[in-house]
Each structure stands twice: as structure tokens, then as C-alpha cells.
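Number of protein chains: 2
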Amino acid sequence: MKLEKLVGDRFKERPADCQIDSHAIMLKGGYIKHVANGIYSLYTPLKRVTKKIEQIIREEMDAIDGQEVMFPVVMPASLWEESGRYESIGSELLRFTDRNDNKMVLGMTHEEAAVHLVREYGSSYTKYPFMIYQIQTKFRDEARPRGGLIRVREFTMKDAYSFHTSQEDLEQYYDKCHKAYERIFARAGVPEVVSVKSDSGMMGGSVSHEFMLLTPIGEDSIAICSECGYSANMEAADSIIENVKDEISANMEKVHTPDSHTIEEVCGYLNMPVEKACKAVVYQRNMDDSYVVVFLRGDIEVNETKLRNFLGAEIHPAVITEESGIVAGFIGPVGITDKCTVLFDNSLKNTNNMVCGANEEDYHFTGLDLDRDVQNVEYHDFAKIKDGGICPVCGKKAITVSRGIEVGNIFQLGTKYTKTMGMTYLDKDGAVKTPIMGCYGIGVGRLAASVCEAHHDEYGPIWPMAIAPWQVHLCAVRADNAEVKATADKFYEDLTNAGVEVIYDDRKVSAGFMFSDADLIGCPLRVVISPRNLKEGCFEISARDKSFSIKCPVEESLAKIRELIAQMNTSL
Amino acid sequence: MKLEKLVGDRFKERPADCQIDSHAIMLKGGYIKHVANGIYSLYTPLKRVTKKIEQIIREEMDAIDGQEVMFPVVMPASLWEESGRYESIGSELLRFTDRNDNKMVLGMTHEEAAVHLVREYGSSYTKYPFMIYQIQTKFRDEARPRGGLIRVREFTMKDAYSFHTSQEDLEQYYDKCHKAYERIFARAGVPEVVSVKSDSGMMGGSVSHEFMLLTPIGEDSIAICSECGYSANMEAADSIIENVKDEISANMEKVHTPDSHTIEEVCGYLNMPVEKACKAVVYQRNMDDSYVVVFLRGDIEVNETKLRNFLGAEIHPAVITEESGIVAGFIGPVGITDKCTVLFDNSLKNTNNMVCGANEEDYHFTGLDLDRDVQNVEYHDFAKIKDGGICPVCGKKAITVSRGIEVGNIFQLGTKYTKTMGMTYLDKDGAVKTPIMGCYGIGVGRLAASVCEAHHDEYGPIWPMAIAPWQVHLCAVRADNAEVKATADKFYEDLTNAGVEVIYDDRKVSAGFMFSDADLIGCPLRVVISPRNLKEGCFEISARDKSFSIKCPVEESLAKIRELIAQMNTSL
Chain A
0 MKLEKLVGDR FKERPADCQI DSHAIMLKGG YIKHVANGIY SLYTPLKRVT KKIEQIIREE
60 MDAIDGQEVM FPVVMPASLW EESGRYESIG SELLRFTDRN DNKMVLGMTH EEAAVHLVRE
120 YGSSYTKYPF MIYQIQTKFR DEARPRGGLI RVREFTMKDA YSFHTSQEDL EQYYDKCHKA
180 YERIFARAGV PEVVSVKSDS GMMGGSVSHE FMLLTPIGED SIAICSECGY SANMEAADSI
240 IENVKDEISA NMEKVHTPDS HTIEEVCGYL NMPVEKACKA VVYQRNMDDS YVVVFLRGDI
300 EVNETKLRNF LGAEIHPAVI TEESGIVAGF IGPVGITDKC TVLFDNSLKN TNNMVCGANE
360 EDYHFTGLDL DRDVQNVEYH DFAKIKDGGI CPVCGKKAIT VSRGIEVGNI FQLGTKYTKT
420 MGMTYLDKDG AVKTPIMGCY GIGVGRLAAS VCEAHHDEYG PIWPMAIAPW QVHLCAVRAD
480 NAEVKATADK FYEDLTNAGV EVIYDDRKVS AGFMFSDADL IGCPLRVVIS PRNLKEGCFE
540 ISARDKSFSI KCPVEESLAK IRELIAQMNT SL
Chain B
0 MKLEKLVGDR FKERPADCQI DSHAIMLKGG YIKHVANGIY SLYTPLKRVT KKIEQIIREE
60 MDAIDGQEVM FPVVMPASLW EESGRYESIG SELLRFTDRN DNKMVLGMTH EEAAVHLVRE
120 YGSSYTKYPF MIYQIQTKFR DEARPRGGLI RVREFTMKDA YSFHTSQEDL EQYYDKCHKA
180 YERIFARAGV PEVVSVKSDS GMMGGSVSHE FMLLTPIGED SIAICSECGY SANMEAADSI
240 IENVKDEISA NMEKVHTPDS HTIEEVCGYL NMPVEKACKA VVYQRNMDDS YVVVFLRGDI
300 EVNETKLRNF LGAEIHPAVI TEESGIVAGF IGPVGITDKC TVLFDNSLKN TNNMVCGANE
360 EDYHFTGLDL DRDVQNVEYH DFAKIKDGGI CPVCGKKAIT VSRGIEVGNI FQLGTKYTKT
420 MGMTYLDKDG AVKTPIMGCY GIGVGRLAAS VCEAHHDEYG PIWPMAIAPW QVHLCAVRAD
480 NAEVKATADK FYEDLTNAGV EVIYDDRKVS AGFMFSDADL IGCPLRVVIS PRNLKEGCFE
540 ISARDKSFSI KCPVEESLAK IRELIAQMNT SL
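Just so you know, the sequences run in chain order A and B. Note that numbering that gives the first Met the number 0 gives residue 523 to position 524 of the first sequence, counting from 1, and the numbers run on in steps of one. Note that numbering that gives the first Met the number 0 gives residue 255 to position 256 of the second sequence, counting from 1, and the numbers run on in steps of one.
Any given hint could be a false lead.
Remember, identical chains collapse to one label, so a pair may be satisfied in a single copy or spanning two.
Listed next, the in silico DSBU-like pairs over lysine-lysine satisfying Cα-Cα at most 30 Å (straight line) [to be verified]: (1) 253 with 545; (2) 126 with 432; (3) 178 with 50; (4) 427 with 484; (5) 244 with 507.
Hint data in this document are derived by calculation from the structure and do not stem from the laboratory.
Start from the sequences and build out the full structure, keeping to the hints where you can.
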């Protein structure tokens with residue numbers, strides 16, 4: 000189409016309220032318009048991007064025997080009451096009543112609707128396995144939408160649900176879907192998306208993965224091993240700490256440590272490295288405010304997700320009262336009050352000659368040897384993995400911590416929804432059983448925004464060929480020149496007839512103005528037709544990512560463009 | 000895909016609560032599942048139908064320079080307050096508050112969102128005309144959803160909005176869109192959809208058309224001229240009545256008509272045809288209960304839409320009190336109380352020797368000559384057009400009244416939204432002007448259901464090739480026969496490789512069971528491979544609409560199928 004007719008404004012100034020680049024680019028480039036907090040309208044260029052992403056997703060879901068269906072956006076509360084989520088989910092689930100005072104919700108995910116759709120169909124083992132998916136609008140009443148399309152309230156999502164008669168079958172399908180996700184991101188032009196083991200938290204505790212596009216503005220931290228490729232969300236990454244005991248264990252001695260409350264203060268005062276400290280971190284359970292004390296090596300941080308999962312309870316940082324019997328600032332494993340739960344992190348395994356609190360104001364112990372001085376210690380992993388830490392798979396000190404945006408996730412759900420919603424099937428032997436589910440999501444708008452975030456320069460997005468709004472941006476520089484205009488018109492027609500998607504700029508504006516618009520639209524290929532080029536019998540063909548710029552003879556240009564598109568299109 | 004793996008149940012019994020056939024078929028055939036009142040999930044076969052319809056719509060909208068965008072489902076109430084519709088629309092507009100107590104609505108149409116999206120863009124005359132459209136979920140909190148997908152609360156709709164600088168330009172574009180709609184319905188396999196002039200009511204009073212698929216279960220009545228093709232919604236159809244005055248006008252005489260309250264009673268009592276009666280129908284304005292008396296010829300009914308538009312006010316049938324001064328059952332134009340609005344329908348033009356009420360209990364007048372006996376009569380059209388009535392275009396008595404389902408509509412909106420929402424542009428001469436809008440809708444799910452309603456038999460739907468869930472239904476009858484199974488598997492593969500969409504039934508079930516499933520799925524072509532056919536070296540190829548059934552040599556079958564698809568596909 001002609002750029003002149005493209006609805007939407009483009010401008011140079013970065014909008015004041017944009018924290019991240021993709022948000023600014025989406026506004027400056029005429030991709031989105033803010034309608035309300037976390038709610039946007041999409042202009043044509045972004046709609047074209049999301050349609051292409053959706054089509055790639057659709058093809059890959061169909062290829063693993065997915066059946067596209069459609070669930071409602073508005074659902075009766077009763078459906079969510081069946082699963083228990085009407086009560087358990089917070090205010091991000093938008094609840095309202097219709098004209099007849101029926102309680103309704105806006106769908107933020109569709110596990111309930113999926114079970115509802117197939118509950119009768121899946122009544123015999125012969126029907127399994129199967130997978131259904133949809134690409135549909137969702138609404139999640141986020142407290143703090145941010146970053147343009149990165150975290151919104153209304154969004155388009157592909158959500159898929161698979162049903163199985165055994166855990167093995169689920170795992171097999173889960174792997175197939177994992178591979179399909181890798182293909183989706185590779186085809187969409189972002190093969191650098193990494194899958195990371197993630198924490199499925201209180202969802203049932205089974206396996207799940209997140210697909211992350213690495214970018215410094217990401218909301219998640221990811222541990223990646225540069226040696227073996229292991230990767231996991233920080234929340235889920237196993238922490239491996241190796242200690243070598245000092246040959247001689249000193250005796251435990253109580254020392255006076257006035258005004259030394261923090262590990263750094265104590266270690267500084269005693270002239271010891273923090274690695275030789277046995278640190279205490281104190282939490283309280285939300286339900287009854289009971290205390291939980293976690294001991295770990297002085298240089299290690301608590302991973303609260305692991306702690307939460309271990310306890311099976313929500314926690315918060317403690318407010319230590321006098322009645323607790325806990326001596327804040329001087330907590331240690333020897334002689335600690337029995338009114339609290341005491342836990343030990345793996346990082347304390349095999350340590351001696353440690354300093355720790357003496358559970359007495361202004362006193363610490365030195366010479367702590369956990370094996371010797373504390374009875375019945377069980378060690379568990381409550382630690383955050385560190386940059387430079389040991390990879391839990393290959394054992395090498397090769398962990399780096401990066402930031403990323405979650406663009407997809409896959410879950411082994413187990414029977415959480417089928418059980419609560421009473422979905423059963425008759426097995427081969429006539430036994431009544433509960434099917435096992437998996438679910439698989441991709442946020443379409445967020446993926447588009449993440450690609451923009453990961454692939455842009457100061458002038459605009461650098462869209463991958465497979466999802467670019469148009470493949471070619473054709474500029475007729477000096478369109479007031481009759482030869483330029485006629486040649487460009489002709490080439491526009493030739494490209495269009497050849498099935499190439501072109502946005503054609505034949506406005507009578509300066510080359511600089513044209514190019515800055517082209518940068519904002521971000522098509523991977525640019526063709527410039529100008530009086531100067533025509534004198535040489537050439538068009539200038541260049542890549543948006545500046546990887547090449549060639550002068551191509553006019554008569555060879557169409558073939559060259561088609562060749563370049565095929566080379567650059569990762570979706571073919 | 001294989002029918003065995005298709006998610007969704009099919010069954011024979013007609014569900015008890017289905018008033019119309021398409022509703023029953025959609026449930027019996029595994030197309031939809033009821034989630035809540037007027038809210039459905041779609042299974043794969045219907046999702047495939049709607050995707051094809053959407054793609055046809057998209058291509059035709061793009062062909063008339065439409066730009067696909069996406070508006071939000073959830074919108075802030077403030078946007079609807081700008082246009083005034085937050086107040087003026089009833090409870091079909093679903094209103095709720097989000098977690099921060101902001102007032103929100105669910106989009107039932109997107110005029111406001113469209114103006115919001117382009118309000119800044121369209122600030123100069125040079126940007127016009129342009130059209131934007133979306134295909135998106137909508138929610139309308141209908142009081143009485145009915146008929147499966149015919150009248151629902153949640154639905155997918157294509158809604159388009161065009162913007163113009165002159166009425167002429169709008170009209171030109173409106174005509175283009177009218178033609179695009181004709182192409183859409185023709186391509187979708189329902190060329191019989193008729194466009195009818197419709198009433199745009201209080202929307203602004205300009206031109207609008209509805210596109211109707213004629214079926215006896217339709218909610219709308221349509222007047223169609225069998226001579227000239229004129230068609231209009233009953234609400235909008237001009238009523239033409241021709242009267243020839245009797246040569247001699249008798250004098251007016253008051254006659255005693257005891258116990259004769261209705262026109263039929265009076266005319267019977269006086270032995271006159273009802274066409275010689277001047278009938279009164281009484282309404283009250285909703286806002287102040289003031290009375291409106293409409294006089295019209297005894298055989299003619301009031302078209303309340305026309306009356307409402309004329310008055311610019313909502314009305315309801317009157318409750319006649321004593322204080323009104325109106326003598327119920329004996330109302331006439333001579334001597335009627337001046338406390339009410341008195342209106343005359345065109346059907347009384349040129350009449351004499353009429354009977355009418357005398358505004359006195361138990362008395363009528365005969366010999367009424369309106370020209371002579373009533374002063375300052377203005378005639379307007381308040382009448383319903385009748386079966387056998389006069390066509391307002393060609394003047395022939397060739398009107399037939401049919402019923403239809405509205406599957407699309409187009410409106411010349413004028414400046415209703417742009418004016419209230421403060422959208423302006425600078426014209427050539429620097430003057431600030433308000434753009435003129437058109438809007439254009441098609442209900443995707445309703446169109447699918449309407450096609451099913453108009454094209455089905457007692458066994459199931461007869462989908463047009465262009466929108467059928469699959470083009471070919473392949474049945475391996477006696478799949479336990481090795482030759483049948485191998486041949487059918489091979490042909491399934493051949494068809495699939497040739498790009499033909501096939502649903503393949505290789506279940507070990509009876510031919511009758513297979514065929515009744517095939518009828519419910521409604522693919523336009525059926526291929527049967529059976530031991531009997533194979534003996535003759537043939538496949539049986541038949542049409543779902545029973546228009547043909549041929550035995551085709553195995554080796555010619557693929558070519559034949561491709562030929563038939565091309566012939567039958569109105570979308571190519």
C-alpha cells in the first residue's frame with residue numbers, strides 16, 4: 000500500500016512516559032494508541048505483525064495435532080467456581096454481573112472453559128490424547144500495567160490445552176510442544192529465545208518451562224550455563240555450593256561483638272570473609288505469623304520461591320518481636336528458641352570454623368562446625384543461584400544471570416482442573432480415571448513488543464522478515480521527478496504482482512523525512528529509487544539492520560528482492 | 000484430519016430446547032457448546048467455517064482500501080460518555096468497574112474507539128477518505144438471546160468505519176462497500192442474500208441498508224418487488240396506496256352504532272368494506288404520556304418505526320383515560336379533542352364516503368370526505384407495506400413480504416460521532432470542519448448460522464464449498480478390509496498433498512453411521528471407498544446437496560475432485 004494512505008501518525012520525539020524503547024517506538028511509529036491503563040488499540044502495521052505471528056503459531060499448533068477452537072471472553076462465574084479459582088484468584092480476575100445479576104468473569108486464561116468444552120467428549124480412553132487451542136482476546140486486571148504492550152490488561156493470547164491418560168503421554172506431548180515453541184520463535188525471527196525451567200509454584204509442583212527473549216529490560220532473571228546450555232528461571236534454578244572443610248575445626252567460642260548486627264559488620268569486626276559466616280534470614284508464615292529461620296552461608300541469598308514451595312505456605316519477611324524468643328541480629332543455630340521452624344540451606348554443608356549469632360544480645364560464636372555442633376541437620380536448597388555460580392547440570396562454574404521477557408510458557412498441569420471439575424474417562428479396564436492436562440501459552444502482542452525490544456536501534460524497530468508489517472519499503476526519492484515517479488510506480492506494481500508485500504512512499508518529501516519514516520516502520524528491506532541511482536541504471540537495496548547496501552541494476556532488482564526475501568524469511 | 004480424532008460429539012436426537020434448525024444442527028453436529036445464556040464455545044468445524052468467512056471479508060475489505068486495525072474489547076466509560084451513548088444506550092451495554100473503580104464497558108460496537116484512533120490522524124483534509132476495520136469479539140447483553148448463534152450475547156463481528164470530507168464522497172464509498180458486501184456473500188456461497196433499504200431510526204436519519212438472508216425463521220420482515228427488484232425492510236419500505244374518489248360524495252351523517260367498537264364490527268354493521276373506514280390508532284409519547292392519534296384506511300396497519308421517526312420520540316400503545324377527551328372505539332377526525340396530536344396517513348388521500356368515529360359513545364359518521372370535512376390535512380406515510388401492495392419504485396402491485404435474518408448492515412452515519420467527540424480537520428481553505436462517517440458491519444457467527452439455516456436438510460448442514468469446514472469428506476467403508484484401508488489411506492494422502500482439505504473417516508463403523516456423521520459435518524463433496532466400488536475400480540463421489548453422485552475411476556478421482564472443488568468454490 001501507499002505510505003501516504005497509512006492511517007496513524009509517526010513522530011520523532013520520544014514520549015515522556017516511556018520507560019522502555021519498544022514502548023516509545025510503538026507510539027512513535029504509529030503502531031499502538033493508548034485507550035486506557037493497559038489497554039491499547041492497534042494500528043495496521045502492528046495488526047499485520049500480530050497476524051503473521053498468529054499464523055506461524057497456528058501452523059505449528061496444527062502440526063502437532065492441535066485443533067483450533069474458540070472459547071468465550073465472557074464466562075459465567077459458576078465455571079470458575081467449579082475449579083475453585085473464582086475464590087482463589089485475586090482482583091486480576093475481573094468479576095462483574097450481567098443485566099440479570101448473573102455473576103460473570105472476563106477470561107484471563109481458559110483451563111475451565113477447555114475442560115467444559117471436552118468434559119463429555121473425553122469420556123473414553125479411546126479419545127485421548129488430544130489438544131485444543133485458541134487465539135483470542137484475554138483480560139487480566141493487572142495492578143501495574145507497564146511498558147506498552149509488555150504488560151497490559153487486554154491482550155491476544157494463544158492458549159492450548161492437552162489431555163492425556165498417563166503422565167508419560169503428557170511428557171511426550173509436552174516435549175513435542177516444547178519443540179513446536181522453538182520452531183515458532185525461530186520462524187518468527189527470534190531464534191535466540193531460550194526455554195528455561197520455571198517454577199510452577201503452587202500449581203501442582205510439576206514441570207514447567209518459560210520461553211524468554213533476553214533483553215536487559217526483562218522482568219525476569221534467568222540463570223544460563225555458558226558451558227552446557229542449562230537454563231532456568233532464577234526462581235527455579237538449583238543452587239550448587241561446594242565447601243571444603245578446614246583441616247582443623249577450632250572450638251566454639253563466644254565472642255563479644257557489640258554493635259555488629261549485619262553479617263558484614265560481624266565479619267569485618269572479626270576480620271573474616273563473609274563466606275565463613277552462618278547467616279540467618281527470618282520470615283513469618285502469612286497464615287499464622289509463625290516464624291521460619293533459614294540459615295545459609297553469608298554470601299548467599301534466600302530464594303523465597305523455593306522456601307515457599309518447601310513450606311507449602313505463603314511467607315513474608317519477619318517482624319521480630321520480643322516474645323518470639325528470637326534475638327534479632329544475633330541469631331545462630333546453637334541454642335535457638337524452639338518456637339520457630341529452623342531450616343538449613345545446602346550452602347552450609349561441610350562447613351567449619353564459621354561465625355554465627357549466639358542468640359544473645361551483642362554476642363556471636365566463632366568456630367562453629369555444623370556437623371559437630373548442631374544435631375540432626377537436614378540440608379535443603381533455599382538459595383538463589385549466583386552469577387559465576389556452579390551449573391547444576393555440568394558442574395562447571397559457568398552460570399551467568401541475564402534478564403528476559405517471558406514470551407511463552409508450557410505447564411504440566413496434572414489433574415488440578417479435571418479433578419475439581421469432575422472430568423473423568425473410562426479406561427480400557429473399565430476403571431473411572433481422571434485425565435491429566437498440559438497447557439501452553441504464547442502472548443501474541445507481548446511477543447511482537449519483545450521482538451521490537453530485542454531488535455531495534457535508536458531510529459526504530461528492525462523487524463524480522465517473517466513478521467515484518469511489509470517485506471519491502473519502497474522509497475521514490477524526488478517523486479516530483481517524472482522518471483523517478485514512473486519507474487517507482489512500475490516497480491511497485493511489479494513487486495505487488497510478484498506477491499511481495501510493499502509499503503510505497505511516493506510523497507513529495509525530503510529523503511531524510513522518508514528514511515526516518517522507513518526506520519520507524521522497520522521493514523527489513525529498503526529500495527530507494529532516486530535520480531542519482533537511475534543515472535547509474537540502479538536501485539539501491541539495503542537492509543534495515545544495515546548489514547548490507549547494494550546498488551542493483553534496475554532489471555535485476557525484482558529477482559534480487561525475491562532472493563533476499565527468501566534468504567531472510569525464517570518462516571519459510 | 001481424521002474424523003476419529005475430531006474433538007466434539009455428534010448425536011441424532013434433536014435437543015429439546017431448539018426452536019430453529021440451525022441451532023439444533025450446530026449442537027448435534029459438534030459445532031458449538033453452550034457456556035451461558037447467549038454465550039458459546041466453538042468447536043473446530045465451526046471455527047474453520049468462521050475463519051474462512053473472516054478471510055473472505057478481510058480480502059474484500061482490503062480490496063476497497065480498508066486497513067485492518069484492532070480495537071479493545073474493554074473500553075473506558077469516558078469514551079462512551081464523549082459520544083453520549085454511555086447514557087443513551089440501555090442495559091445491552093455491559094457496564095462494570097475495574098479493580099481501581101474505573102467505569103468500563105464491553106464493546107458492542109466501536110464507533111467511539113474508531114474516532115478515538117484517528118482523531119489526531121485525520122486533522123487535515125489531505126488524509127481523507129480512509130477506512131479502518133477490525134474483526135473482533137463483541138458483547139451485547141441481549142435480554143433474550145435465542146436460536147443458537149442467531150442472536151447471542153458474545154459474537155465475532157467485522158466492523159468497518161470510513162471517514163470523509165463530503166456527503167458525496169461518503170455516498171461513493173458507501174456504494175463501493177455495498178458492492179463489496181455483495182461479493183462477500185456471493186463468495187461465501189450465499190448469493191441469495193438481498194440488500195434492503197433499512198430504517199436508520201434516530202441514528203441521524205440518513206441512508207442505511209441491511210443484508211438479509213431470506214429464511215422463514217428470520218426475525219425481520221422484508222418487502223420485495225417481484226417486478227423491479229426493489230427491496231426494503233418493512234420498517235423502511237414506503238407504502239403507496241392509491242384511492243379513486245367515488246364520483247358523488249354523500250353528506251356526512253351521524254349513525255347509531257351500538258356495541259360496534261372495532262372497524263370490522265362497524266363495517267359489518269353498516270355493510271361496508273373496511274377500505275371505506277377511516278380508522279384511528281392511538282399512542283402515547285413515552286416522555287410525557289401525551290396522546291397521538293393516527294388516522295389511516297381501515298385495511299392498513301401502522302408502521303410504528305415511521306411514526307417514531309416522524310415524531311422524533313419513543314411511543315407506546317395508548318391507555319385511553321376519561322380525562323384524555325378521546326372516546327375509545329368511536330374516534331374520528333371531525334370534532335376530535337385538541338388535546339392530542341392528530342396525524343393522517345397517505346392511505347386516506349383522495350377518499351370520500353368513508354365511515355369514521357363521531358367522537359361520541361355509540362356513534363359513527365358516514366359520508367366522510369376528508370378534503371371537504373377536515374381542515375388543513377397533511378398526509379404522511381405511517382403505514383406498513385402489504386403483501387400484494389404497490390412497489391414504491393416501479394408502481395406495480397408486485398410486493399411480497401418475506402422473512403430474513405440480517406447478516407450485515409451498512410450505515411451513512413453523518414457526523415453523529417465525529418461532532419460529539421470533537422473530531423475536526425482543516426479543509427483546503429483553512430476552515431475547520433467535521434468529518435462524515437460511514438459504518439459497515441457483518442456478524443461472522445450469525446452469517447455462519449444463517450447459511451446453515453438457509454442451506455440444510457433434515458440430516459445436517461449443506462455447507463457451500465467456500466466456507467465448508469473441509470472440502471471433502473472421505474469415507475473408508477469397511478476400513479477393516481485391508482484393500483479399502485490401504486486405498487483410502489493413499490487417497491487421503493494424495494488429496495492432502497494436493498492441498499485439498501479432507502476429513503477422513505476410517506473408523507470401523509457401519510456405513511450408515513459414517514454417512515450420518517458426514518451429513519452432520521456437511522462437507523460439499525463426499526468420496527466413498529468401499530469393497531463394492533473397488534471391485535469396479537471406482538470411487539463414489541457425491542455432492543452433499545444430492546445434486547449428483549458419480550462413480551469415478553480410481554485413477555481419475557483426484558483430478559475430478561480438484562475440478563469439482565474449483566467449480567463449486569464461489570470464493571475463487
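Each hint, compared with the structure:
no.	hint	verdict
1	253 with 545	neither (67 Å within a copy, 98 Å between copies)
2	126 with 432	within (13 Å within a copy, 63 Å between copies)
3	178 with 50	both (22 Å within a copy, 26 Å between copies)
4	427 with 484	between (72 Å within a copy, 25 Å between copies)
5	244 with 507	neither (78 Å within a copy, 70 Å between copies)
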